[in-house]
Amino acid sequence: MLCYRPSVMAYTILLRTYGQLGKIRLAEQTFLEMLDAGCEPDEIACGTLLCAYARWGRHKPMITFYLVIRRRDIVPSIAVFNFMMSSFQKQKFHMKVIYLWKQIFDAGLEPNSFTYAVAIGSFVKKGLLDDALGAFSKMKKAGFVPKESTYGHLISLTAKHGRDEEALRIFEEMTQRGIIPSNYTCASILALHYKNEDYNKALSLFAIMEENKIIPDEVIYGILVRIYGKLGLYEDAKRTFRDIEKLGLLTDEKTYFAMVQVHLNAGFYDGALEVFNVMKSRNVQLSKFAYSALLRCYIAKEDLEAAELTFHDLCKTVSPDAFCYNMLLTFYLKVGLMDKAKALVAQIRRYEVPYDEELYRTVLEVYCREGMVADAEQLVDKIQCFEPRMDKSSKLSLIKLYGEAGALQRAEHLLDTIEQPDADSIGLILHLYLQNDHFKANEMLEYLLRTTNGLSVANQLMIKLAREGSVIEAKWMYERLLELDSRPDDSAVASIIIAYGQRQQLKEAIEVYTMASGSGFIGKAIYTSMIDTYCKCSKVEDADILYNEMIEKGHAQDAVAISILVNAFSKRGMFQKAELLIFDSFKGNAKLDTVAYNTFIKAMLDSGKLPSAIEIYDRMIASGVPPSMQTYNTMISVYGQGGKLNKAIEMFNAAQSLIESVDEKAYTNMISYYGKAGRIQEASILFGKIKEDGITPGKICYNAMLNAYATVGLHNEVEELFKAMERDNHSPDSHTYLALIQAYTKSQKYDDAEKVIRRMQASNISPTNRHFHVLISAFVREGYVSDAQRVYNLMKQTGLEPDLACCRIMLRAFLEYGLVDEGMGFFETTKDLIKPDGFILSAAVHLFEELGMQDEAGKILDAINLEGLVFLRNLKVGSKLRKIKS
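Position 787 of the sequence shown, counted from 1, bears residue number 787 in the working numbering, the numbering being contiguous throughout.
Check each hint, because a few of them may be wrong.
[Said to hold, decoys possible] Here are the simulated lysine to any residue pairs, SDA-like style, with alpha carbons at most 20 Å apart:
#, residue 1, residue 2
1, K92, S156
2, K691, L233
3, K334, E358
4, K539, S519
5, K524, M574
6, K723, G688
7, K160, Y199
8, K316, E358
9, K147, A159
10, K138, A107
11, K831, E782
12, K577, V560
The hints are simulated quantities; they were obtained by calculation from the structure and are not laboratory data. Predicted model, so just to flag it, every value in this text is computed and none were measured.
Please put together the full structure from these sequences, using the hints given.
What follows is the structure in structure tokens.
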């Protein structure tokens, strides 16, 4: 009989089998049986059981068993260590991975490529950058080439630690090895370039990705949206965002928020709100930052109810920070809701919201406006406790706060704590004293002038005071400076004159101008400001005289002054003077800018001299002066009014090719001119394109499209557009209803046209003569004279007196349809209401003759001759006799 002695190898095979099948208990029993049989387990057998534990996630017995065998000086192979480390890492036990990593070196083993990759991964997950970089260095020295994932993890961690150069160096090393970066790695580098505002490198990386056929994921697309936004490439950002959605990648709140930020930075709050509406419809949870942006949108649009609701929702989600509180508080101040402002300040105090400088400033303004002196002083005291740690900039801000609170002594005391106060510091105190103590202000002004750049700061302060409306203080400073033999800059003096002009205080402006002229040579800025003031105060002749004086004194023709005068002449119908000044500036080779040319073209348009407007535009282009959107808008009107639609189209296309975003006015003009030319399809296409360009059509634009449809009687299209207009929250006005009436009369739906007039009256919009004219004319054209007379009487019942055009329409109807008695009665009742013209008097003559009343006809003929009018002999009574609708 044979006797079998079990060996370690046999038990090891059995251990491996049980381990692969997950029979851990049987594996443990087999190991104990091996020990009972007197077989001493070797490193392979021990490693096999360790791998079984690792495979099935039995980490506690695995580490216990590992410690036992290490006490027996059994060292598992590097492959077993890899197995255990990988198992720990999958369960995110990164410190256990790091423990085993150190054990490998303690045991004198050499890690392989996999070991390094796992260890570096856990170092990265725990944020241990130096350890990760140390392992990375050892890995390369050992001759191993790291995989892309290892490079990616290290790049991400170094970037998070602010070691940008090192992150970029690692990325460059990776690409030099020919390793193609993953989406994750590209996202890390792109985020780095975005943070450092190195957008060219970011866009270059996109080119590399495209070259290597790396398909961007949502994170990368989101970064691209942000980059386009920073570069001002608004349309590219929108296009990219649409691409994300089309690809089905739009899932992350951060990506939506990226597009929101682009809209906000571009000032397109409606666009931002559209993104928020999409997020809401898809149940995307808003972050604190998103709520803050939503609040900013509603405040920018001055939607109080929506802003308060958003703030309330934010409070339910997280605690708003100082920035959010300050936004809402500033909004309350702007719209004068002081009770709400005080309630919000009380909430800030109750919840002990940490203040920042802006919130301090706004809260203090609330206290100052409401005369809450004790609260203001308490707030100032609270700020004062931070003074020792303040830098100069913060102290200057606090000085201003003290001044606003009336704590001037504290402000001056704080100024004394600034080492070597400069002109800006002293200027700030001077500003405070100007509003409270002129004696102290005088001392401070003298002190200011003794400092370096003191006069420059004084000039800036005068400009600031004038712009903020403190023109009396600005003038006081100017007078003191002249007394101190200091000559302020012309720009400062001009700002004071302009401020008086804006207030229509011509006498005071002349006083400042006289002081300036008495102190020496007057610069162009002062002349221009005084010319502008004369124009604002309706003294255009004086402005013209002063302009000529400026030229006589040797000053070159100035584009600003010329623009001001041309605009003033045009507004007052002095078109000949405007034209003379324009062409005189051309003869004098004045250096004209875009604004000047725009003013010239508009003046010629307003005067009806369309060829001159075209000539000026051509000169502008030939001179190399760049046209603006206003230029193209005006030229579209020039060509449109001149009946040159194709030229107007050329202008519109030129605007689209040269200017990033064509405005609504250009679209509206083109739609209007397409409509007048009967090219309704082009008008409709253009109207549809407005929203594609991110523009919400306004009421004027809607009315233009309604008029286009109405001119050809497309009443169905008018009705649909009318509903769309109401959906866009535009209330119909008189022009809107006129288009409706025109559309219905064109399509012979007269009952519907009359209903429109009743709808107007129900909406408290009074119909005008023109609304009734359209319907009256339509009835007359069809021979429905009785209906025309009924609508005419309805017009009179509304309180409207018939005008000349209406009287002509009605009298022509009575004449041509042979209604002699009605015609005579109409003439007698209206001749004293209006001044009859040649047609009305001629029609009356024919009606009197038809009745055999030759004497009356003769008297009217005499009146026609006396007025120098022409008698219309070709008029015939009953020329359109037909069956009249009863």
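- So which of those numbered hints doesn't the model satisfy? Of the numbered hints given earlier, those the structure breaks are 4, 5, 8, 11, listed in rising order.
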